[in-house]
Each structure stands twice: as C-alpha cells, then as structure tokens.
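J.: Below, each chain spelled out in residue letters.
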Amino acid sequence: MKVLEEGKGRLFTDPDPDKAREFFRHKSRKLENKLMPLKTAIEKFVHDGEYLAIGGFGANRTPIAACHEILRQGRKRMGFAGHTSTHDFQILCAGEVFDKCDIAYIIGLEARGLSNCARKYMQSGKVEICEWTNYALAARLRAAAAGVSFTLTRNMMGTDTLSYSGGKVIECPFTGKKFVAQPALYPDISIIHVHEADIYGNCRIKGIMIADDDLARASKHVIITTERLVPNEEIRRDPTATRIPYYLVDAVCEVPFGAYPGTMAYEYFSDEPHLKEWLKSEDDPEKFKAFLQKNIYECKDHYDYIELNGGIHKMNELRQKEHMLHKEVANG
Amino acid sequence: MKVLEEGKGRLFTDPDPDKAREFFRHKSRKLENKLMPLKTAIEKFVHDGEYLAIGGFGANRTPIAACHEILRQGRKRMGFAGHTSTHDFQILCAGEVFDKCDIAYIIGLEARGLSNCARKYMQSGKVEICEWTNYALAARLRAAAAGVSFTLTRNMMGTDTLSYSGGKVIECPFTGKKFVAQPALYPDISIIHVHEADIYGNCRIKGIMIADDDLARASKHVIITTERLVPNEEIRRDPTATRIPYYLVDAVCEVPFGAYPGTMAYEYFSDEPHLKEWLKSEDDPEKFKAFLQKNIYECKDHYDYIELNGGIHKMNELRQKEHMLHKEVANG
Amino acid sequence: MADYNTMELMICVASRELDDGATAGVGTGAPCAAAMLAQKVGAPNLIIMFEAGGISPLLPEMPISVGDSRTFYKALMATSMGEIMETCCRGFVDYTFLGGAQMDMYGNLNSTKIGGEHQKPKVRLPGSGGANDFASFCWRMMVMTPQDSRRFVEKVDFVTTPGWIKGGNSRYEAGLPLGTGPYKIITNMAVMDFEPESKRMRIISINPGYSLKDVQDNCGFELLQAAKITDTKPPTDQELRILREEVDPYRYVIGR
Amino acid sequence: MADYNTMELMICVASRELDDGATAGVGTGAPCAAAMLAQKVGAPNLIIMFEAGGISPLLPEMPISVGDSRTFYKALMATSMGEIMETCCRGFVDYTFLGGAQMDMYGNLNSTKIGGEHQKPKVRLPGSGGANDFASFCWRMMVMTPQDSRRFVEKVDFVTTPGWIKGGNSRYEAGLPLGTGPYKIITNMAVMDFEPESKRMRIISINPGYSLKDVQDNCGFELLQAAKITDTKPPTDQELRILREEVDPYRYVIGR
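Residue numbers (the working numbering), protein chains in the order written: chain A, 147 to 478; chain B, 147 to 478; chain C, 97 to 352; chain D, 97 to 352.
What the hints contain is simulated information worked out from the structure, not anything from laboratory work.
In this text the structure is predicted, and so the values were computed from the model without any measurement.
Heads up, a few of these hints could be off.
Counterexamples of contact, computed for chain D against chain A with all Cβ distances above 12 Å [what the hints assert, rightly or not]:
1. D164
2. E291
3. Y306
4. E342
Partial selection, computed: residues in chain C whose CB lies under 8 Å from chain B [unchecked claim]:
5. Y100
6. A174
7. T175
8. H214
9. Q215
10. P217
Note that CB positions come from ideal geometry on N, CA and C, so glycine has one too.
Just chain A, same shape as in the assembly (with noise of 0.2 Å):
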C-alpha cells in the first residue's frame, strides 16, 4: 500500500492483530470471581517494561488509588499511554514508572495549572516519546477493540504532530483523498475505574465513556477498580447498562474512593485544595519527596491516604459537592 507520508515516532507496541488474536485466544472466558486486594491485582498484572494505560479523563474517574499502588509497588521501564492524562500522569512521573510515552496531553492539570515534577521529567531526556493525538489514541484503541491493525482519521495531517508520530498518510482506493492511518493500540495492561461491577468483572459506568470502552477491549489485560459490587443478578437484571463484560477483565477490586483526590461523578467531587496543595508542594523538590513519602510511601492502601487528607469527613463533604451539582440525577 502506498505511504504518502510517515511520522518518525517509534510504536511501542505491536499493531499485529494476529499476535492479540494469539493471546486472545488463551484468554480465560470462565465466569470465575476475579474479585481481589489491589495490591495483589498490580502484584500478577502490571510489570515492568510492559505497556499500561489508565482509564478516565485525567482527574475524571480515574483509578489514582492504582496508580498510588503502582509507585508503592515500584514499577519501571514501562510504556505509558498518555492519553488525557493529568493527575495519574503527574504520579506516574513522581514514580518514574515509564521511559517511553505515547503523547496526547501530558503535564497539564486543565485549569488547575502544570506539573512541575512531569515537565521536568519530560525535559529530562529520560524518557522516548511519540506524539499522537487524544482522538489519534482513541482512534488507536478502536483499531484494537476492532481486531485490525488501523483505522483512517483526518486529523494530525500538515502538523509536526503528524511528523513525530507513528501514524502514516495513505491515500484512499475510493476516493483518492488521503487519510491518517492510525496504527492499532493494543496495552498489555489497562486500568479503568468504574461506577458498579459484579465479581466476574462485568461493569457499568454512568456518565461519560471516555475512551473506556474500547481501551478494556484493546488491552491484554484489564484491573478493575469499582465503587460498589453489585450482584450478577443485578447485572443480568438490565443488560443494557453493561459497558465492560467479564471476559475482557482479569481483576475486580472494590475501591470506594477509588478516584480520590480527582472527580466521580454521581459519587463525589474532586478535592481541589488537596490537587493545589500537590502541585504547590512540586516547586521544592525536597518538600516534595517528603509529600510522596507521606502522602504515598508511607500509605498502607488508599485508606491511608484519605485518612491523611480528611478521611470520612472530608469524603462527606466532597459527596455533598457533587450531591448539589447532581440533585435530580442523583435522586433520579
């Protein structure tokens, strides 16, 4: 197939969809209880030099208490997905847990402000990137979730965006326009924290997607983090409302506050003094480990965390925050 043009960018993972296929195939799909302790779920799914990628959108229903267990675990020399990524990846740099990055938006907390400590790792050199875009990653994962190895996008096309990517310029056997081939995304390993989800792993998830639904397809394996457990009969009652079945999933962790200090909808919102207090703490890098080691390495679990940071009360507060915003949806 003629390639018209073509980024520079390295792909860190295999687009092969024979090669997924492979593993796919040796997949459990038994309906088993997947249900277990977060630490052991990153102990058996994530390692080091493997590929991961974070579900949410930024401070969004993001799983921060994983990402919180993955610096306590250690992990290193892993590729990262850093698609809409603000809050997990600015703990992912205090950990230095990847040396190679897939861009779409790094660094940046929105309105809150950067990150300090990232950009610093980024600038650092320590680090392979290849820049992409949020939909380009997107559109990446969907290849995957569809078992092809690209999916055409308009995007990214006379940019250096497209230049320092792994995307290719092709032009259409129908048409003769030219598109970006998006080359298939497939993460050894993703984590996606959800509303509700039954002990095999199938899952709901109220309000925005994301790119939720096709990352758990596109990945190898996938960590669930879940506010609450719900029975299968409740899941079977309302088939509908199923966004991840249990066949994609390898653990189910029930997490309350498992997005803590970022936003859930519909559960609580974002503690936004506490993610000031992060950012404000990144300026002296000796203030700043002493904040990791307390506010991390020196946690048990997530519990700890929260107990450090105003505990129930704190989490009270941030329900009724998202209580006001949500009234008649909550009690809807």
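Following the hints, position chains B, C and D against chain A.
T.: Here is chains B, C and D on its own, set in the frame of chain A:
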C-alpha cells in the same frame, strides 16, 4: 494506494466524507419540535430514487408501520440496505419499492422460512445487487459515522462474496497483512424504531442496539418512530441512556406498537400466527394481492392494520407474551 | 438403546464438541439447540453470543430470531452487532455453527444463489448474513447438515462463506485470520474433519446405522478417510431427555 | 462607558462570534465562558460539546475540567470522546476555540515544546490534547489570546495544531477536510481574520484604547490590514453583568 483485489459490485452511494460534511454542515442543530404524523414524515423525507435503510434486526424493533406507509405512498426506484432485513424486506419487495440492493441478508425470515414474494422479486432481474455481509454493512455505516471513507475488516476475503461486493483488498502499511477496505455508506434516509424519544429526537433504546447507533449517525436524514414520547427533562435526567442525539433526527413520530407484527423487547412479542399467515398468503399471487390490499393499501394507518389483526386484545396478548419472558426485567 | 431421530442425533453429537468455558457464536434452530444442550450437560460455562448483540443470556427457550428478546433475556450484556463481530475478530470466540445449501470438499459454503446470472439468479438465497463474518473470525467453524449429493458438491455455485478455500494454505494466503477454519462437519450419517495438509474433508466417525459406503454414496466429491474411523457415540438417554424436556419441549427443531 | 479588564473584553467579543443554533466544541476557561455568555445573551440555542463526552449540558457553573461532572450535568447525552470527535469529523460542529504558547501568521499553533531536541526539549508543553482534532474537524477555529511578540511569532517551534499551514491551498492539499480552517483571532488589542487568498492573518478591528501600531508592535510577523478596519465594539453593560454575575461569579476566569 495499492489495491490487491476488488469486487465488481457497484457502489449505490458516494463514500466521500467531504460531500457528506457539506450536507451535514447545513443540517439544523436547533432544538426544535420535530413531532409529526408518520404519513407526513414519509412524504417529507422518503423520496423516489433515494437510498433507504431500515433499523432494527429483521422482525425485531423494526419500524414496520413506516414500511407500510412507504408502500401506501408508492415509493419506487430506491436503493436499499438489505442489512439483517427480514419482514421489512418482505414488505418492501411486495411494493417493489427498490431497484438497487446492497445484500447482507434478504428473503429469509430466519427460523420462520423464506418469502416467495421477495425471492421472486430478487430473481426477476429487476433489481441491481451488490453482495456484502451483516458485519460488512455495519462496518460501512461505522466508516460513515466516523466521517471517513472506509474501515477495515478481515471477512469476505477468498470468497465470491468479495468478488461481487464493492469492497477492496488492501495491504496494511504497518503489518503487510491483507484487509478489506469497506467503503463508507451514507444512506439518504433511515428509519429507526425506538422505545422512548423526546420531541427533539433524543432517543433511548433498551436491549440490543444492532447497528442503529451508527445507522443514525451515517444517515443524511433520520425518521424516528417511537413507542412513547418522554419529556426532555427525562432525557436530561439520565444522559447516559441517550443513544441517538436529537441533531441527527429530522422527524419524530409517536407510533405505539410501531414494530408490530415484530417483537419490541420489553414491550410486546411478535405475532407469529400473523407472520405465518403472511408467508402462506404469498404462495398464491392473487391471494397475496388481496392480502396486501386488505392489510396495507386499504388501511389508513398502522392502527387500521392492528384492528384487522386482533386490535387491542391482541396487543395485550403480545404484551403478556413479552412480559412472561421479561418478568424481572419489566418489573426491575 | 435409545430411540432418536436424525436431528436429535446431530444435535447431541454437535453439543459434545463444545467444551466448557468456551465461547460460541450461534444462530437459531439446531445450532442453538446444540449449545443449550451442551450447557445443560457437559459445558455449564459455555458462553453463547448472538450476532444481533445478545451475550450469555439465560435462554428461557429457543429463540425464533437471533435478535428476539430471548437472545438477551437476563444476558450479561445487550450490545451491538458490531461489538459481537469485533469480539469474534479480536479472537475471543471459539466456535460457530453454520449451514448452507451447498458445501464443497474444503468446507466452503453457498447460501447466496444457485444457477443463472448473478443479477438474475435461477434460485436466490438469503446471502451471507453473519455467516461469512463468523466463519472468517471464529477459531473453529462447524456445520450441521443432512448429508446428500445435492448439498455436498464438487463445486458450489457461489462461495458465500469461506471454508479452507482451495485447501492447503490458501485460506491464510487470502488474508483470513491465522488459525481459523472449518473444524467439524456433522451429518445424519457421519462426522468429518479436514485433513491437516490438503485441508480436504475426511471421515472420522460413522453414525449408528450407516456404512462408509452410505456416506460416500451421499457425497458429491471424494471423501478422505481417517486412519482409524470410529463409530459415532449415539445420544445418551440423559442427552435425549434434556434435549426433549428442557431444550426443545415444543419440538420446534427436533420435530422437523 | 463600562469598565472592564482584558479577559472580560476578549470573552465578550468572542461570544458575539457564536451564532444561535450553532454547535461549538469548547474547553475550560475563557472559551467556555464565551460560550456560556453567548447562550445567555444572543445565542440561547448554541449547543456546547466537551471533548470528554458531554453534549449540551445545562452548565451550572464553569467546569474545571472538560470531563468533570458539570460538563454533562443535565446534558442531552453523555457519550465517549470518540463520538464527540467523530461528530466533529462528520461536519456537525461549527466552532471551536483554541489556544497555544505560539502562533504564526497562518494560525498554526504550538502547544508541544519550545527549544531543545524533540526527545529532550528545553520546555515541554502538554501537547495537542484534542486541539489538533478540533482544529482539523470543526468548520471554524478561533483563538483567544493575549497579544505579544513572544506568542505571535514568525515561526513556531512545533506545529501542534493546524491553521492554514503554509497558506494558500496548502491546508486542503495536506488532506484536511474541505472548508475548515482558522476563522478569527481575538486578542486584548484587536480582532484578526485571514486574507482569503494568502490565508495570512489580517487585522479587521482594533479594541478600545489600542492603536494599529500597538497591534503590529506586539506581533512577531507582519499583519495584513483589512480595507476597512473598524473599532471593536466594547462589552455592553448587559454582557458584563451576565458575565460577572451568572457566568463567572467566582471570577475563576475573569479574575486572572
């Protein structure tokens, strides 16, 4: 782009996304009342010579009332997407509505048998055809919904289905593997039956989606027939449940039992004796002519037809049948 | 020995091919009956998927359509056809059962047309539906069909759905996913597989009451023979009881 | 005459560009404020879409993230990023507002890096996010930014997001959708559009308190001038009141 192999089938629609964009650019995005009688909707948006697609799956959540109205209004020379079509196809053949057909599944009514009338029409030489598969047509709608000119699939290769299709086999620039490029399908008009819609066209569908999400997105005009209207506040109460956003929709028609004699999950089950009677009546052309006169042409609307076939008592029976299947769900 | 009809035999034999914890993309009729029987006998964890979007329903009875309410009754998920086919294409679906008006020695199936010009066929059939998709994507494709020379032909009028194409490595050279292909053919007379090198149809077991000659006499092409041809194990009383009482009490399928 | 700050001016001027019944893909901050103001002044039917999946929410207040709960509060639909971008790519979205650390005379934007090697930049920026996508797909791309020579540069260090590329017809020759492109640039000093042939940035109106010379002096490249350069209409009392009392009461944006 190098094409390794291509089907000899003709494309009945233009896959160029820029032409579609130019149309969508001028389509209204205003939140306006689109409620109108089905008769008016068919008059306004279904025209001779255009390309038509019908939602649902055969006799499941299919806008049968709309199919009858199309016959009453005598549409001709249309293109048709013979996609998972069964009873709808049988009706449109009886009216010889189309003379161009993209074929995935036609003529059959699944376990119920084959339609003689549809078969004779497709053997008459009056219809120009192009072969596809159920997934190929779904993939063509997906391409249109994504605003690009094709998507990749791994089906059809090595078969006559490909040779008589409009697909092209291309070589992937990342893996060197072969894939079928399925050209975008942008229907001029599609008709979809849903459970709930507001007057603007925001729709909810319960149970299987089949390909109706992409069908609505791919189509230049969309007519919605709905079992019931809901207030816009109800749509806004649970935005996660919206499956078709209003700006895709041109007409909203409240048509309770609009899928009769087919199944509408959670509402009513199919009228199997009537579907048998229909198939049987096709054995004798004279008898069938009379059958159509009685059940379609001499009916003012769908309710005359329902009245002829048991009226509200029959509808309640069919509700009971469906309710039996869905006790928990219905009560849930 | 239990008394049973041809359809009951084929369904029972087919059901044994579906192992526990596997996934199967099935249609209505005999394939669905075989899958339901398997769930109630040896494979309680068999996951059934219907092309219209139903995933792992608790089937209350046989569906009349692959999209009717039963196909997602108490299902784990009710989704789109696209997702079902993408799940197959990603390599998550192990088995599928298909049929056709004609089949050749490589398991290629015709459900499109017989005779005449393509635009004006002598006999028009439904077309691929999801058959070509399932056969292309699922790891193991199986066929349940009555055996006679008009169905088992030297050359099909139209290759709707891929088998081993022209045999050998031709299926993968054509571009279809590696490792997929026809697996078993189950008829009223015998069970066949495909010889690993040539990919030609091969008799591996003969059903009760039939001879090797019957099988070959009712096939329009030369069948290969396995080194050791066994006797097909007839339906057990348990299989027949469950099939008749629980799977198909109204005899929709086994009554044909 | 009403008193207002730079941000208030830019937001009011930008909001007037959004016509009633149009669709706009917006981010947080000033663009969102402009869209909310437009809805409350001249364009009640303006449809706001957020890239994370929120469609037409009844925004209770300014979101701090394009994915926070407010972006789908009482929305018409809460969907995926893929669907939002596909909707833009299908041609359904009229406007988008973007920003960047650098912009050139063709409206090309840099939000990726400044200086150094690509793998080891002097200053790393967030990257495209959804900016390249919105700018490629939406019909009219606009930028709201303070004007100074460090932002308005002859050559950007990295073209993250497409403007008119190299001018003329180069944007469409590159393959981007026909009919799309940069539309207006709104700064504290002036409003610019792009000359139809060369696609170079052109001054069309000057904001109160600034001169043509101020605008050119604070731009790193030569600006074209419209045949008739008008005075930018200052914010009305109504615009300022609604902006301050209803859109941004906590001055998250206008307080910057």
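J.: Against each hint, give a clear statement of whether it holds in the structure.
T.: Outcome of the hint check:
1. D164: Non-interface label on D164 (chain D) violated, nearest chain A Cβ at 5 Å vs cutoff 12 Å.
2. E291: holds (19 Å)
3. Y306: holds (28 Å)
4. E342: holds (17 Å)
5. Y100: At 22 Å from the nearest chain B Cβ, Y100 (chain C) fails the 8 Å test, so the hint is violated.
6. A174: Where the cut-off is 8 Å and the nearest Cβ of chain B is about 5 Å from A174 (chain C), the hint holds.
7. T175: holds (6 Å)
8. H214: Given a least distance of 6 Å, the restraint on H214 (chain C) holds.
9. Q215: Holds, about 6 Å.
10. P217: holds (6 Å)
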